Amino acid sequence: EPEVTQTPSHQVTQMGQEVILRCVPISNHLYFYWYRQILGQKVEFLVSFYNNEISEKSEIFDDQFSVERPDGSNFTLKIRSTKLEDSAMYFCASLGAHWGPDTQYFGPGTRLTVL
Amino acid sequence: QKEVEQNSGPLSVPEGAIASLNCTYSDRGSQSFFWYRQYSGKSPELIMFIYSNGDKEDGRFTAQLNKASQYVSLLIRDSQPSDSATYLCAVNMGWNAGNMLTFGGGTRLMVKP
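Protein sequence lines, in the order shown, are assigned to chains L and V.
Residue numbers for the first sequence, in the working numbering: -10 to 104.
Residue numbers for the second sequence, in the working numbering: 773 to 885.
This is chain L alone, in the form it adopts within the complex (with noise of 0.2 Å):
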């Protein structure tokens, strides 16, 4: 059954150094979503990306914060300077054609540490 994968599961840094975060979604999906979650809280919509380009995005996502589809299977999320806050498990989801039901895959996350 075709999955969502997402590197590396555990990612560890220091504040105000740059980290990339990746995902692959289900080859045949168009719209793609990352998410976070807090140790503890909610699950957090970040953003939403369609035809190579953002559709939706939280008060979360500032401007620390980008994506990108570099190639035709990678999907990735881009923090600049990680602040303490940041650290949470971050998962990327991917959703079909628009025509078809609107349900969401989720990866099975990173836990990113920021010390």
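Incorrect hints may have been included.
[What the hints assert, rightly or not] As a list, the in silico DSSO-like pairs of lysine-lysine whose alpha-carbon atoms are at most 30 Å apart:
no. : chain 1 : residue 1 : chain 2 : residue 2
1   : V       : K884      : L       : K31
2   : V       : K839      : V       : K828
3   : V       : K814      : V       : K828
4   : L       : K72       : V       : K814
5   : L       : K46       : V       : K884
6   : L       : K31       : V       : K774
7   : V       : K774      : V       : K814
[Claimed, not checked] Restraint-style ranges between C-beta atoms, simulated for each label pair:
no. : chain 1 : residue 1 : chain 2 : residue 2 : range
8   : V       : R849      : L       : I43       : 29 to 37 Å
9   : V       : K814      : L       : Q6        : 25 to 33 Å
10  : L       : E(-10)    : V       : S798      : 33 to 41 Å
11  : V       : Y823      : L       : L104      : 21 to 29 Å
12  : V       : R849      : L       : Q3        : 47 to 55 Å
13  : V       : G866      : L       : L104      : 33 to 41 Å
14  : V       : G788      : L       : K72       : 45 to 53 Å
15  : V       : Y843      : L       : R11       : 34 to 42 Å
16  : V       : P786      : L       : S70       : 46 to 54 Å
17  : V       : Y843      : L       : V1        : 39 to 47 Å
18  : L       : P59       : V       : P786      : 46 to 54 Å
19  : L       : K72       : V       : E775      : 21 to 29 Å
20  : V       : Q803      : L       : E7        : 30 to 38 Å
For the record, the hints were derived by calculation from the structure and aren't laboratory data.
Small disclaimer: the values here were computed from a predicted structure and weren't measured.
For glycine and all other residues, C-beta sits at the position ideal for the given N, C-alpha and C.
Position chain V relative to chain L; hints supplied.
For chain V alone, kept in the frame of chain L given last:
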């Protein structure tokens, strides 16, 4: 501010019993509703979705939607210890809103053998 509310629990049920999980949402424009299961330290795993008022059954799971009351529920029949997890309710505003999901805080379910 779109809100999705769930009782955090824990909800404790004996093995074989019915577990009933509830969720309310604030935005009447919400179009589709999802239940995800999340084990500790893992990602959300889709259980089922519902679009229309009424009940939808899938195996041991039944989702119920009442748009007038802005209420979604999940029933788990014949609960098993392996069902012990946090259950997340998520609401989708639809394609025009980028299909972003708004999640509730989750209800922790404990099924005791």
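Status of each hint after checking the structure:
Simply put, K884/V and K31/L have alpha-carbon atoms about 25 Å apart, close enough for the 30 Å limit, and the pair holds. For the suggested pair K839/V and K828/V, the alpha carbons sit about 14 Å apart, so the restraint of at most 30 Å is met. As the CA atoms of K814/V and K828/V are separated by approximately 26 Å, the hinted pair is consistent with the 30 Å bound. For the hint pairing K72/L with K814/V, the CA-to-CA distance comes to about 23 Å; that is within 30 Å, so the pair holds.
Under the criterion of a C-alpha separation no larger than 30 Å, the hint pairing K46/L with K884/V is inconsistent with the structure, at around 41 Å. For the hint pairing K31/L with K774/V, the CA-to-CA distance comes to about 13 Å; that is within 30 Å, so the pair holds. Annotation: proposed proximity of K774/V to K814/V holds, straight-line Cα distance about 25 Å (limit 30 Å). As the Cβ distance of R849/V to I43/L is approximately 42 Å, the hint placing it in 29 to 37 Å is violated.
The hinted range of 25 to 33 Å is satisfied by K814/V and Q6/L, whose Cβ atoms lie roughly 26 Å apart. Here the CB-CB span from E(-10)/L to S798/V is close to 34 Å, well matched to the stated 33 to 41 Å. Checked against the given bound of 21 to 29 Å, the beta carbons of Y823/V and L104/L, roughly 44 Å apart, lie outside it. Checked against the given bound of 47 to 55 Å, the beta carbons of R849/V and Q3/L, roughly 49 Å apart, stay inside it.
Between G866/V and L104/L the C-beta distance comes to about 40 Å, which sits within the given range of 33 to 41 Å. Hint check: G788/V to K72/L, Cβ distance near 47 Å, so the stated range 45 to 53 Å holds. Range check, Y843/V to R11/L: Cβ separation about 38 Å, and the 34 to 42 Å hint holds. Range check, P786/V to S70/L: Cβ separation about 51 Å, and the 46 to 54 Å hint holds.
For Y843/V and V1/L, the hinted distance range of 39 to 47 Å is satisfied, since their beta carbons lie about 42 Å from each other. About 51 Å separates the C-beta atoms of P59/L and P786/V, a value consistent with the hinted range of 46 to 54 Å. K72/L and E775/V have their C-beta atoms about 26 Å apart, which keeps the hinted 21 to 29 Å range intact. Checked against the hint of 30 to 38 Å, the C-beta distance between Q803/V and E7/L comes to roughly 37 Å, which is consistent with it.
Violated hints, listed in ascending order, are 5, 8, 11; each of the other numbered hints is respected by the structure.
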